[in-house]
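Undergrad: The residues making up each chain are set out below.
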Amino acid sequence: MLEIRGLRASAGDNEILRGIDLTVNAGEVHAIMGPNGSGKSTLAQVLAGHPAYEVTGGQVTYLGQDLLEMEPEIRAQAGVFLAFQYPVEIPGVSNAYFLRAAYNEIRRARGLDELDPMDFLDVLEEKLKVVEWGPEIMSRAVNSGFSGGEKKRNEILQMAVLEPKLAVLDETDSGLDIDALRIVASGVNRLRRPDNATIVVTHYQRLLNYIVPDHVHVLSGGRIVKSGGKELALELEARGYDWVEDTAGVA
Amino acid sequence: MSSPVETLVNNEYKYGFVTEIDADVAPRGLSEDIIRLISSKKSEPDWLLEWRLKAFRGWQKMAEPHSWPNIHYEPIDYQDIIYYSAPKTAKPLGSLDEVDPKLLETYAKLGIPLHEQKVLAGVAVDAIFDSVSVGTSYKARLMEQGIIFCSFGEAVREHPDLVRTWLGSVVPSSDNFFAALNAAVFSDGSFVYIPKGVKCPMELSTYFRINSAGTGQFERTLIVADEGASVSYLEGCTAPKRDTNQLHAAVVELVALDNASIKYSTVQNWYAGDERGVGGIYNFVTKRGKAQTNAKISWTQVETGSAITWKYPSVILQGDNSVGEFYSVAVVNGRQQADTGTKMIHIGKNTRSTIVSKGISAGQGQNSYRGQVRMLPKAAGARNYTQCDSMLIGNRCGAHTFPYIDVQNPTASLEHEASTSKIGEDQLFYCKQRGLSTENAISMIVNGFCKEVFKELPMEFAVEAQKLLGVSLEGSVG
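Protein chains in written order, with my numbering: chain A, 1 to 251; chain B, 1001 to 1478.
Check before you lean on any hint, since a few could be wrong.
Unchecked claim - Taking lysine-lysine and the DSSO-like style, the derived pairs with C-alpha atoms no more than 30 Å apart in a straight line are:
| # | chain 1 | residue 1 | chain 2 | residue 2 |
| --- | --- | --- | --- | --- |
| 1 | A | K151 | B | K1422 |
| 2 | B | K1349 | B | K1196 |
| 3 | A | K151 | B | K1196 |
| 4 | B | K1455 | B | K1196 |
To be verified - Partial list, computed: chain A residues near chain B (C-beta under 7 Å):
| # | residue |
| --- | --- |
| 5 | H50 |
| 6 | L68 |
| 7 | E69 |
| 8 | P91 |
| 9 | A102 |
| 10 | E105 |
| 11 | I106 |
| 12 | G229 |
Just so you know, these hints were derived from the structure itself, not from any lab.
Every value quoted in this text rests on a predicted model; they were computed, and no experiment measured them.
Positions of the beta carbon are idealized from the N, C-alpha and C atoms, including for glycine.
Sequences and hints are given; from them, build the entire structure.
TA: Here it is, written out as structure tokens:
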């Protein structure tokens, strides 16, 4: 599904990604771990096409297409979803309106008819169960005045509605208490299917107790320095990031 | 790193067509003779001619306001303007059937059919084409309840006592430079009278359009809601695309007697000029209402057009417990300049006013909010709430706020909140990551920003306003 080869990216004069190689197949869950400043979030943002980052080298192929050539909204319409570390507030725009607009854009891109607000309500009702929410959340403005946990749950709700093929979760566990963490993780698990894939970016192992990855990669200094199975996350938890950085010979 | 919140292209102005039609045109320039000509063309009574001439003599001693508003333009040559232009066929009209089909076509293009469908939709329309009103629909039905809704000219002929009583009672002819000019040369407009205790059963609407080249439009609207009456009035404006500036100096007076209520909504989309700032309408308008005991006056405006807007719809809260409201969205893009806001003058006890202003600046547009709140000595318990928000799109535009506050009664209270935000790349990126195009994302963010104002508009106007906002900001982000 996703092939990343030698990906390099900078913000201003600062090179952050220094040659990333990663292959993600349909049905898989990959965890990207690493210390602060290692480039985890940058990788997530670059995959979604954030304009603040300049890609300076490498290729990314998504479902046979050159992902880096696509505008952010085209990537989204093609099924790439980023759950933001810091979801953005949009005052005055209701959650329901925003979600329906996004849902219809994606349907249009896939050659399907738009849904009117009534039909969309039926879709929503199902999806709200994924994050254990009632309908009252839909009349609130997008993320406006939401708590940190509510914002993250809202991201998972959007993911449930938009049904991405490739979901990238950027530090979705940060700022969550244990109940919210459980809801968010079980939401993600319910959305797992053989034909989609998930990349979970996280600093801590604890999220991976709930979302069990097939592969774990450790990012350090803008490169993947170690890859392994789910047990790698536990080992990291026990021995700390210094251990991988030392064994990989990265300063 | 290149920012997407940049480059500006002026969008096509889709109302920029010109209707080929014979017009009865006065010679260029302004003098007492021209005023006499206008007055005689309209077969006006002597008192009105005298009123005009007095205004003109006052105007000659006044100067165009250039020092205090935050707008910049070359002084206008008032001798180079045509002050009267009437479509030749539009003399005495009994019914819509007599209206020139070309005119009706123009209105159809603008999306305001005068015919029954609109009537069924519950909107009575008075259409002003250049200087004269060409037809008023649904008049008879309104007349059954004693409601008068007609062109100003007709009101002068048919209801002279009402006009004479209230004309200039809120905006005197000496009020300011542009109001005085209007008083001297106004050629038509709308007149509304709602009798005691009557609630007008439909929205009343006027659609203004400037057609002839080099003409100024100086319409005058007078709305009187008698005791306990209520009315909602809509005003929409467009003009053809031309490369010279055209002056629009209108006056609107609202009179709300005891327990009456007037809601006045405007969607203004005059031609704004091209991307270099050539052409466009100078929209210099005086709008004011006077509210008596327990009366309420509410202004809602959505200003997206005009090269320059200079406009402060105001309320004089004369009677005890009277209420004034001002809800405004002003958008500038390209080289547009807007200096707009309101005045709330609290005279009576326990008077209340609310001001919600949303300014949006894109391109190289300059947007100024100018608002005055005065609490006079007798305004015990008066309250004002002001919220003034600005949004910037791109790096070359400007937002300015000029609040004037004058409180002379110790029991009066006043709140002022202001904010400035920028459509950030993060907000845009978030929407795009959910599949929305840049244009749709901006339109959604801006509409969310303006929601508090749009919800004050009548339903069908709110839809039009949202669309207009999208069109006005098209191309504001690359």
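Undergrad: Are any of the numbered hints broken by this structure? If so, which, sorted upward?
TA: 3, 6, 7, 12
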